[in-house]
Amino acid sequence: MGAAEVAGGAGHGHGDRDVAVITPWYPTRQVPFGGAFVRAMVEATAPVWTRATVYHVDGWGARVSVPQDEAILRASPGLVTRTTGAATTVAGAELRYVAAPARVGISFAQLARRHSDALRTALGGQKIGASVVHGHVGLRGGWTALENARPGARVFVTEHASFLRSVLEQPDSRAMYDEVIRRATGFFAVGESVRSVLVETFPHHADRITIMPNPISFGPAREHPVADLRRWLYVGVLKEPKGVGLLLEAFARCRAEDPSLTLTFVGEGALRGPLGLRVAELGVADAVTFAGWAEHDRALELMRQHDLLVHPSRSETFGMVVVEAISAGAPVLVTRCGGPEVTLAGIEDAAGALMDVTDDPGTIVDAYRALRDRFPSQVDVAHARTVLEDRYGYDAIGQAYARAWFPDVVDAGSAADSRHAASSPLE
Amino acid sequence: MDVLFLALGASRMRAAAEESAQVVADGGRAVVLIEQRTPWRQTTFDPAVEVVELSRAEAAWLPVRLEQLVLYRVPRKLFRTVGRGPLRKRVRRTAGWYETRIADRVHRRLAAGLFRPGWGEGAHRLLRHAVPGPYDLVVVLDPISMPYAAGLVADHEARGVAVPSIAFGLDYAAPIGPNAVEERTDA
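Same order as they appear, the protein sequences are chains A and B. Numbers 1 to 427, taken from this note's numbering, label the letters of the first sequence in order. Numbers 428 to 614, taken from this note's numbering, label the letters of the second sequence in order.
Pulled out of the complex, with its shape left as it was, chain A reads as follows (with noise of 0.2 Å):
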């Protein structure tokens, strides 16, 4: 890297405790809840930083031509460098949008090098100036990360994605995530099912890859608890992985029993139309409402006002919207799909419900029934509450992120009481 020069202040200046996050996912008009974690990390870590600027580098995926692709390719650079303008966003952090082009159809360690290049254009050419540059998303953020990082800089890293291992089906990809790991100071896997396929594709890195969980802002208890389980919710993405077909089917046989029953999705996605006409289809029209995107704190106030979040998905890492519907004192009934059942792990029963990933409809209906069966007096969502804060509140995450990025300033006794977050040794 040499003699780089350094973008944003010149990161020396701010007590070195200042931060740059990167990432592919951040909330935006266009998608309100993605990298909602992003944002709660950010915010989670404000006692940390004295300055923290998160660069948010979209990736705009197009369907186009070679030919188109190179157009765009040639147009992107002077577009990005005109594009100075940043805002603020959480806790005086301050944001910068910087947009990626990328062809569909593109590896993801192509991806990254589109990431990285239009992070350097945005930042002049210049290295970022900051002492730790945390990236999320191993090539996407990682990668950007470790190329942009000044020299002597700490970058970090942090996986959430659920689609992994398509990312190391790719030779390029996986060889692109080998460097990443070897060269980032730390790297963290958000859940256990992440760091598995991790290291099972990278045995040498084992003792690397640590658990850095997604803080969960733990707001005002709820006024009064759930009584009965009536006020069905759903939030994230209307797609086939989320099982929202299914969960559909299952409330429709659950409210011919109970008409008193009622559903709400909140969220958009690919079977936003299908669902609306099977909804007709089974005559539930009148009992389901499609609320759309809801920015993140409308979401928590739906949760409150809703009394079982039904999570039926196929697949998680962590399960973000599943702790926070117990922060909003709602019970769960979630699939185990990988990340929940970690999550929850020890207040199962406490906090509603788990059930196993199928085809049929009929587990979810069954496992509502049981539930039902045994609320409230077997369900204790205060309790659940209480041992989720202490794992993924802001505090417990905060302090976590605090030992990893600035070991020799964080009061170590003030940094000792967290199980959960980057409990191995980081380097």
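Please keep in mind that the hints were generated in silico from the structure rather than gathered at the bench. A few of these clues could be false.
Unchecked claim - Label pairs and their computed distance ranges (CB to CB): (1) A:Gly276 x B:Ala487: 28 to 38 Å; (2) A:Pro77 x B:Thr527: 36 to 46 Å; (3) A:Gly346 x B:Gly454: 49 to 59 Å; (4) B:Pro466 x A:Ile106: 18 to 28 Å; (5) B:Asp429 x A:Gly219: 32 to 42 Å; (6) A:Asp172 x B:Thr471: 35 to 45 Å; (7) A:Ala270 x B:Ala487: 31 to 41 Å; (8) A:Lys239 x B:Thr521: 46 to 56 Å; (9) B:Ala487 x A:Glu240: 37 to 47 Å; (10) A:Asp172 x B:Pro466: 30 to 40 Å.
Stated by the list, open to error - Which bits of chain B does chain A cover? Going by a derived footprint, with three or more residues having C-beta under 8 Å, they are: (11) 432 to 439; (12) 442 to 454; (13) 563 to 575.
None of these values were measured; they are calculated from a predicted model. All C-beta atoms in this analysis are idealised placements derived from N, C-alpha and C, irrespective of residue type, glycine included.
Given chain A, work out where chain B should sit, using these hints.
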């Protein structure tokens, strides 16, 4: 504030609808340039937002209308006039051959190249006709719009006209003008 949204790729429709509505709600003028309506059927724009279809604007543009007249409409009329009675079948075949072998090729290779050369970058004259400015801000909303935006910038520079601000989203635009003091927060 006059804002032009380039949304020719139709891949970030929600952002286009929300951000253009924001501009008119703030008392500005919002023009959204799309390629054609079809992919946008599910998207509702604020009634005060001007939505312009580039394909329609192109078809209505005088040079294109002249090209259509010379290449297609006049020959068709000629073929219809000549192709009566016993000549009808033969002239119909000749007309089909003319359109596919001559007219379409000339249109693709010559005329389309003149009106939209370079797929995007060279379309600035068409854009000037379709969405006449001036604009304070051009919001580029998808990758397909990038070459068009670059062409607009180059066109402004070549004509010595002030280049509007460029942003990849209304929330990330630099403040413009004396009234633009409100700082955007979050996304």
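Results of checking the hints against the structure:
1. A:Gly276 x B:Ala487: 28 to 38 Å: 36 Å, holds
2. A:Pro77 x B:Thr527: 36 to 46 Å: 40 Å, holds
3. A:Gly346 x B:Gly454: 49 to 59 Å: 55 Å, holds
4. B:Pro466 x A:Ile106: 18 to 28 Å: For Ile106 (chain A) against Pro466 (chain B), whose Cβ atoms are near 23 Å apart, the range 18 to 28 Å holds.
5. B:Asp429 x A:Gly219: 32 to 42 Å: 41 Å, holds
6. A:Asp172 x B:Thr471: 35 to 45 Å: Distance hint for Asp172 (chain A), Thr471 (chain B) holds at roughly 42 Å.
7. A:Ala270 x B:Ala487: 31 to 41 Å: About 35 Å separates the Cβ atoms of Ala270 (chain A) and Ala487 (chain B), which means 31 to 41 Å holds.
8. A:Lys239 x B:Thr521: 46 to 56 Å: 53 Å, holds
9. B:Ala487 x A:Glu240: 37 to 47 Å: 42 Å, holds
10. A:Asp172 x B:Pro466: 30 to 40 Å: Taking Cβ atoms as reference, Asp172 (chain A) and Pro466 (chain B) lie about 33 Å apart, which means the hint holds.
11. 432 to 439: holds (count 3)
12. 442 to 454: Since 3 is at least three, the answer is holds.
13. 563 to 575: It holds, with 6 qualifying residues against the three required.
Violated hints are absent here; each numbered hint is respected by the structure.
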